[in-house]
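Visitor: Read off the chains here:
Number of protein chains: 2
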Amino acid sequence: MEKRVYNFSPGPAVLPLPALQEAQRDLLALPGAGMSILEISHRSSTFGKIIEAAEANLRKLLSIPEDYHVLFLQGGAQLQFAMAPMNILRNSGKTADYIICGTWGNTAIKQAKTQGPIRVAWDGKETNYNRMPSNSELDLNPDAAYVHFTSNETIQGIQFQTEPAVGIIPLLCDASSDFLHKKVPVEKYGILYACAQKNLGPAGVTVVIIRKDLVERSCEDLPSMLSYRVMAESKSLYNTPPCFGVYMVKLVTDWIMSEVGDLDKMYERNKKKAQLLYDVIDASEGFYDGHAERASRSVMNVTFRLPDPELEKPFLAEAAERGLMELKGHRSVGGFRASIYNAMPVEGVELLAEVMKSFCKKNRK
Amino acid sequence: MEKRVYNFSPGPAVLPLPALQEAQRDLLALPGAGMSILEISHRSSTFGKIIEAAEANLRKLLSIPEDYHVLFLQGGAQLQFAMAPMNILRNSGKTADYIICGTWGNTAIKQAKTQGPIRVAWDGKETNYNRMPSNSELDLNPDAAYVHFTSNETIQGIQFQTEPAVGIIPLLCDASSDFLHKKVPVEKYGILYACAQKNLGPAGVTVVIIRKDLVERSCEDLPSMLSYRVMAESKSLYNTPPCFGVYMVKLVTDWIMSEVGDLDKMYERNKKKAQLLYDVIDASEGFYDGHAERASRSVMNVTFRLPDPELEKPFLAEAAERGLMELKGHRSVGGFRASIYNAMPVEGVELLAEVMKSFCKKNRK
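Note that the protein sequences, when read in sequence, are chains B and G.
Residue numbers for the first sequence follow the numbering used here, beginning at 1 and rising by one.
Residue numbers for the second sequence follow the numbering used here, beginning at 1 and rising by one.
Careful, some of the hints might be misleading.
Heads up, the list lumps identical chains together, so a pair's fine if it works in one copy or across two of them.
[To be verified] In the SDA-like style, the derived pairs of lysine to any residue whose C-alpha atoms are separated by at most 25 Å in a straight line are:
{"#": "1", "residue 1": "Lys113", "residue 2": "Leu222"}
{"#": "2", "residue 1": "Lys328", "residue 2": "Ala29"}
{"#": "3", "residue 1": "Lys271", "residue 2": "Glu216"}
{"#": "4", "residue 1": "Lys328", "residue 2": "Pro314"}
{"#": "5", "residue 1": "Lys183", "residue 2": "Leu17"}
{"#": "6", "residue 1": "Lys188", "residue 2": "Lys328"}
{"#": "7", "residue 1": "Lys113", "residue 2": "Val230"}
{"#": "8", "residue 1": "Lys328", "residue 2": "Arg211"}
{"#": "9", "residue 1": "Lys94", "residue 2": "Glu220"}
Think of the hints as simulated: they come from the structure by calculation, not from any bench.
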């Protein structure tokens, strides 16, 4: 078999090996079905059990309350950026508040503007999005249709340590890049959504956890595929769902429950992995320049720069030699980004920390 | 390994075994990449080659002219039902003509009505959608924004033998259930779209072949994910595409080219398979009651009823015993439906013909 590398890509991203192995084993024929998950009818009892198990796993891991739907949709977070305001802002007669902490917050607001009036409750652009705001900094409209935020800014490597306090205004969250990295209090959210390709599965399936009363408020005149109401009433089976993606969500959440335990244990593991890298940054006496302010550091995406851009190619080459791939940062931040989602093995992060230490030793002046 | 059955499901449907085998072989790590197709960045050169190859295969098989884009989108035909009028009907000041020949034509018009004014150019409901119209029966508006039709009605098992003649009005086609079953003259179409899960790959990716001048006419104020212009300008990489689905489209089209040859050979094979079943129906002296009028018979979905509904369960049981699955018809037509897409092996159809003959012999009064 082809040797696997350590994949630090921000998404699509590393998946748990046991989940990949099970998918591989059964790819020609699911046990008892005699056909592939890629071929099986979405109306079959076999697939029915798979989508129910995927939902049950998510409900158990996150203790999702009964008054929330769990939907499996297509189109990624990008489509949710438009679909959320399309359903609950258009025709509300209100405006929506957006907290902008980085690239994805900016993308979310751009898409939302096609659907209705938007207000900015905070924007971190003055410091090139290197921190999350405190609650006291938020300029919230008490009559907003909702408040939207991005729990983890993948590109900047900054993360809310706890969700913003917005009182009774519905809180909408794009959790694409830190979904399931720890247990969050779902009851504080109106909508919590995440594309799969970072912490949950392959690209092509998006999980939307939505409070039932918000579904009731959905606009009436929407195309079925863009209506939360239609998707909730049909239990995500209005049309053919992305069956393989849903299946992978089941396998990945199976892995969390069987190999890790629960989301508290997942979080412990994630914090340890991140600490390995932040410790190297902090001990490097400025050789590694972390982009994020300490209090906003992301447990999922660790961003750092080198003192001299000339050193970037040698660093990437040295990492690649050890099988550490996809570490180049986004041009808006520069330097490097190590995405260390749930499925990144501790060994991969330990190896990266080792390479960073040795590179620093050799190149620090 | 689990034994594979013959899967006559209307979709998701049978896929070519060599494509499944290649996907299985490489599922933990693509050759040269060291990571799974489920984990690889959509911005990587490895994925770039895959999406380019998928497009090149489609262009070659269908001789797609240079003035057409080939897009890989999400949301299935269902989203195209809304997205097409959203892009080129809204703000056109015109109405669109719909030819309604069955369940999917009706669904298409329902979604289109959320976007603009629609006219019915023909509706086959009086005879429960058992035939396609002739050109002379179409009531076309010479100033329509476009004419929409469904090339093959999956549930009814009826198919256009050639596309309707609409002059210079843009012709839009939902070809979800017969895409690539034969070569069609793409230059006669404005938009030709198909979800993958019948003839092309797994659920979750949709191919949209669109004439470039129609993209230019797209509305300006749409969310990016719903804009043909944005998707065309970004070559389907505005956001993370459904990478695995695109990969499977490549493998399935590779299979057509390497194992079948071209779409003319594919069509010969498809016609032979369908003839095997229609011959049994025609020779059964009315025991099998085909739903479709002869001139509209589908090469992809063969629909038929039994003289007595009491015989349905025994027929399904006998078929299942021989490994022939998913033959139950849709309730709106009754009886049975054998979906015999490109990937259904001739042997599967021969076996079904044999079971049908023997069942008829035993049960004909």
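Visitor: All hints are to be evaluated individually against the structure, with a verdict given for each.
Guide: Outcome of the hint check:
no.	hint	result
1	Lys113 with Leu222	both (17 Å within a copy, 10 Å between copies)
2	Lys328 with Ala29	between (38 Å within a copy, 21 Å between copies)
3	Lys271 with Glu216	neither (38 Å within a copy, 49 Å between copies)
4	Lys328 with Pro314	within (12 Å within a copy, 62 Å between copies)
5	Lys183 with Leu17	within (23 Å within a copy, 41 Å between copies)
6	Lys188 with Lys328	neither (35 Å within a copy, 46 Å between copies)
7	Lys113 with Val230	both (23 Å within a copy, 16 Å between copies)
8	Lys328 with Arg211	neither (38 Å within a copy, 37 Å between copies)
9	Lys94 with Glu220	both (17 Å within a copy, 24 Å between copies)
When each numbered hint is compared with the structure, violations occur for hints 3, 6, 8.
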